[in-house]
Every structure is written in structure tokens, then in C-alpha cells.
Amino acid sequence: MTPSTSAQPEGPSSHPQAATLEFDNVRKVYDGSDQPAIADLSFEVPAGEICVLVGPSGCGKTTAMRLVNRMIEMTSGDILLDGESVRDKRPADLRRQIGYAIQQIGLFPHDTIGDNIATVPKLLGWKKDQIRARVDGLIELIGLDPGEVRDRYPAQLSGGQRQRVGVARALAADPLLMLMDEPFGAIDPINRERLQNEFLRLQSELRKTIVFVTHDIDEAIKMGDRIAILKKGGVLAQYAKPAELLMHPADDFVEDFVGADRALKRLALRRVRDVDLWTAPRVRVGDTVAAAHEAIAGSDVSYPLVVDDDGRPVAWLDEDDLRGERIEPGTGSPVQTVECDDVLRDALSELLTSQVQYGAVVEPSGQVVGVLSIEIIHEFLVPEAEGEVAPA
Amino acid sequence: MTLDPTLVLAQSEGGFFRNRSSGVDKCVESNGFCPSWIVHHLDRYTTPFEQHLVLVVVSVGLGFLVAFALALLAHRRRWLVAPVTQITGILYTIPSLAAFFILLPITGRGRTTAIIALTAYTLLILFRNIVDGLDGVPAEARDAGRGMGLTERQLLWRVELPLALPAIMAGLRIAATTTVGLAALAFYAGAGGLGEPMEADKAFDSNVVAAGGLCVVMAVALDGLLLLTQRLLTPWTRARAA
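As given, the protein sequences belong to chains A and B, one line each in that order. Be aware that the first sequence starts at 1, since it is given in our numbering, and climbs by one per residue. Be aware that the second sequence starts at 1001, since it is given in our numbering, and climbs by one per residue.
It is worth saying that the hints were derived from the structure and are not from the lab. Check before you lean on any hint, since a few could be wrong.
Within a straight-line C-alpha distance of at most 20 Å, the following computed EDC-like cross-link-like pairs (lysine to aspartate or glutamate) qualify [to be verified]:
(1) A:LYS265 to A:ASP252
(2) A:LYS122 to B:ASP1143
(3) A:LYS241 to A:GLU219
(4) A:LYS89 to A:GLU22
(5) A:LYS89 to B:GLU1152
(6) A:LYS122 to B:GLU1029
Some, not all, of what chain A presents toward chain B, calculated at C-beta under 7 Å [what the hints assert, rightly or not]:
(7) LEU80
(8) GLY83
(9) GLY106
(10) HIS215
Each residue gets a CB set at the ideal place from its N, CA and C atoms; glycine is no exception.
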């Protein structure tokens, strides 16, 4: 094995390692072609970030990814992993340090799930009990039951389960870097969404450096910390964070590729809890009408929101409901709630669907924390003079 | 159990098998099919049966080694597939009887001649099946294997060959069964086998049925054995979505 910061034969470590990845003037010209497949590609991925390579078919995004683990050899330039050229290692050794997950998954049909996941640890010569512990840990990590799944064959699993196993296998030897080529491409939309969310949750703990290839700009925006948009001939059109890409596309190609709805796409980048919400004019059943007027006066919202003893929203009151002396039970109109973990796009969609201006923003416990209005979303969409702050 | 070929020859030509020993039996007298005669004289087929079995096992075994080596070469150098298929195809079309007579002046009478001819006969089936089996390995399994850092040799032994096993075993089963039938002609090359007692008294139905029946038993047994081996080696082929 090669020395330095390579994969740790001891197994999963409490301080997961990740490498920086640098493309330095990388060029690939296939034999018998005068057009480059990758043209002078340069960009840098900080350790622990997901870099999405995206672009139309034939833009060379998969080729660019496969240059990293030398499944395809570059013609000129260099690719550096933690500052070391990938060319300095034997391809097989290099690949054992790099997780590899592809759309077709490529599980070995003749190996059990356990043996599939253990592929790279076995190549690295881990001890049997270490491998066993690692395999069971990974099966749990992807939300399956080791006792039930370990000794099964790939053909006995569903497509979504196989996809998860593919990711677990790529993670098995705690690689410095993961290469993922459309890993969720063959999954139906509902399960794809679930797998994406699962993977993002996993990544928030693992903090691997990941090169993620997709043709789907929505997936790119959702998954990427940074996005490299490639155009035909492997030319880098723009390399930026998702918000930057949506706010300031570098050229017509990027603007076109990102889509006419790029303003709306920005709404998918921000969660409700991250915007400045309006204060909710909270009142309770039995409060005086005067108190209700006072609550409205201290808020941007002109209707009082009735909450119950646990702070959960009950009803909106309008002027007709404020004619008596006290707030009566059972008055008012129903409340549209919005989860504070929702992205703005989904929240807006809920408000529009129920044809209301205001949504009561609630914590997972159901407690009201503020009010989201169409106006707030509008302000978010109109670029501010100070410039956009990148989303957290 | 080495046998002197001249002794084998002497046995058949000396009327060893014409001596039906129990000449009083009416059934035997009329060349009929007599189960009791077969039961009582089964021991005369022991040696031919053993000779036959050795011919089949050795020929298929050698044929497999040669075909396997050729298939591995052709697996990495695709241009070899066509010429190897053609040459083994020509060997396959030569009637085995003709092959025995062509080889006689070179290798003489005896087991070697028979084994060379029978081995040549298995090559086409085995080569084709091994190549087809390797071709049938899913491209994504190969790609994932390389991508995870398996060397070409590890890929071959850990991924490609195990996945090609069902096709390879299918080839072995066809080769074994066919060779059992062909080895019945091996006595022409002086290599004995079950063809010898059959030829020695071919007018006697009991004799022909006994020798022929033993060929069938051997073919079925070998086929079953190979099938069992395949099932033990490829549990994954039967593990479909439960």
C-alpha cells in the first residue's frame, strides 16, 4: 500500500477523512479523434464537499469523473488528490482509496450483500471480524437490517435497496473521495427523492469529498455544494455554488441549461427557518378583543392567530370575529401551516394551493414560531443590492 | 489399472464374449433379451465400463484444460475467437472413426489415440461455452469491479469466472454426455470401452442391451454429478426475489 493519508486499514474512524480534489488543466483526447472530450478542465473541490458535474449528454461529465480514478487515462494536465497526483499510484491501489458507485450499481450477482460490501476491505486485507463489523455497521447505516440482508443475494433485493447497498459498498473502506455516476438515475422519482435525502443526511455526518455526476439540473442544485456545468467538448461553462449559479449564470448556455425557472429553483435552496419570518400575532380563546388589537399592532400580520395552550395554531380571526368583548371558541377560519424545515418552494406551493396569503410556521412539535407570507417570498426573489448570501 | 492393449484385443478376438457360458438357456439360445442372463454376467462388463469411464473423464478433463486456456487467451484478445472457433469446429466435424484411423500410424493402437481424438472432439463445445459465459458477465459488474480496484486477474477469478460458471458447467455436461457415446467407438483404436463387448456379440440382444444400457447409465450419472456440482457452486442462480 502507499503511505500518507490513504484509507485506514483499521476500519471506520471517528474522524472521517476526506481529500481535496484538484483538476489542473486536464485534457482528454480519444485516439482517432481531433476534438477533445475534456478541454483544459481546472477546478478545485474542498475536502468534505459535494461537487456535481452536470451538463447535456456528450459533455464529458462521466469522462471527467472517470479520469479521477484512472478508469480513463487523461491526455495531459493532472488531477491531484490531497496534492498528490493520481498518476503516482498504481491504478488498482488508487481505486481502492476512492469509493465508486454507478447508475447500474454493478453489484456482483454471485456474492451475498455482505460479500459485496466487503469487496474493498478484503482487497485491502482487513481482518475477518473487522470486515464483519464494518459490513453490519454499513448495512445499518443505509437503513437495512444486517441479520436479514447480509446473506442475501442482490437479486433478492428491491431496486432501491440495491442502490443503497451500492452506496454502502462504495463507502466500505472509508474512502478519501467518492465518485458517483448518476447513482439515483435508475430509481423512480419518489424513491429517488427519498434516496437523495437519505444520502444528504448521511453526508452531513460523513463529510466525504464527492464527485457526483448527473444530467438533471434539479438534482445538481439539490445535492451540490458546488456545481460544475460542462458543455460540449468538455468545456467548463461555470463552476460555482448553486445559489451563485442561479443568481448569476455566466453565459447564455448556463442560463439556458439552468432553465427559465431559475428564480423558482432558488426557492428550493432555502428553508423556511432560514428566512426572516413575521411575528405571529398570537391570541388565546378568552383573551379580550383589545388584547387582540394590540397583538396586531405589534406585527406585520393584520389578523390575530388563535393558538391553543401548547402554542399550536387554531384559527385566523378577521374583523367580524373581533366584534364581541372576548375571543369566543370556534370562531375564525382554518390555518394553513408550514413546516419550518420545508424549503421555500414547497411552502409557496402550499400557500398557493390553499389560496392563502399567510402560513403559520410551525416547529416539528406543532408550536407556532412565526408567519410566512407571499410577500416574504417575493422579497427573497428580488435580488437585493447587497448581493446574495450563499445558503447555509 | 493399466491394461495391456494386446490383451484387450486378444479377449475380443478370442471369442471371450461369444462364450455365453449358459448355453442351455432357451432365451440365450435365441439371441433374445434375457434379464437373468444380464444379471448373472454383469461382471464381464466391469473392465470395459472402467475403460470407458477413464476415456470419458480423461478426454473431457484434458479438453476442458485446453479449451479453458484457449478461452482465457481469446477473452483478452478478441481476434482469437474466430480462428479458434473455426479450427475446433473442423476438429468437431471429423468423424471420430476417421480420426482414430488417421491417428493410428502416428500414435499407434491404444488409449492415447482414443483420448486424443475424443479430446479434440470436446474442444468446440467447451471453448464456445466458456467464451459465451465470460461474454455474458454483466458489463456493470465488470466496471464496478475495476472501479473498486480489482486487478484484471482478480476480476477474472473473483467476478468473471464465477459468473460464467453456469455456462461453463452446461458445456461440460454436453461434452461429457457426447463423449460417453463417442467412446463406444474407441475399441476401433484399441482402447477398449463398452463398444468392445457390444461389437464382439452384436447379434445377442442381451449383450447389446447390457453394454448400451451401461453407456446410458454412465452418461446420466456423469450429467447428474456435474449438475449437482453446478448447484453447489452457484447457489446465487436459484436465489430469486423471495
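How the hints compare with the structure:
1. A:LYS265 to A:ASP252: Within the cut-off at roughly 17 Å; holds.
2. A:LYS122 to B:ASP1143: Judged against 20 Å, a Cα distance of about 18 Å means the pair holds.
3. A:LYS241 to A:GLU219: holds, 14 Å
4. A:LYS89 to A:GLU22: Satisfied, since the Cα-Cα distance of roughly 16 Å is no more than 20 Å.
5. A:LYS89 to B:GLU1152: holds, 16 Å
6. A:LYS122 to B:GLU1029: It is violated: about 71 Å lies between the C-alpha atoms, which goes past 20 Å.
7. LEU80: violated, 19 Å
8. GLY83: violated, 21 Å
9. GLY106: holds, 3 Å
10. HIS215: violated, 18 Å
Figure legend: structure checked against the earlier numbered hints; hints not met, in rising order: 6, 7, 8 and 10.
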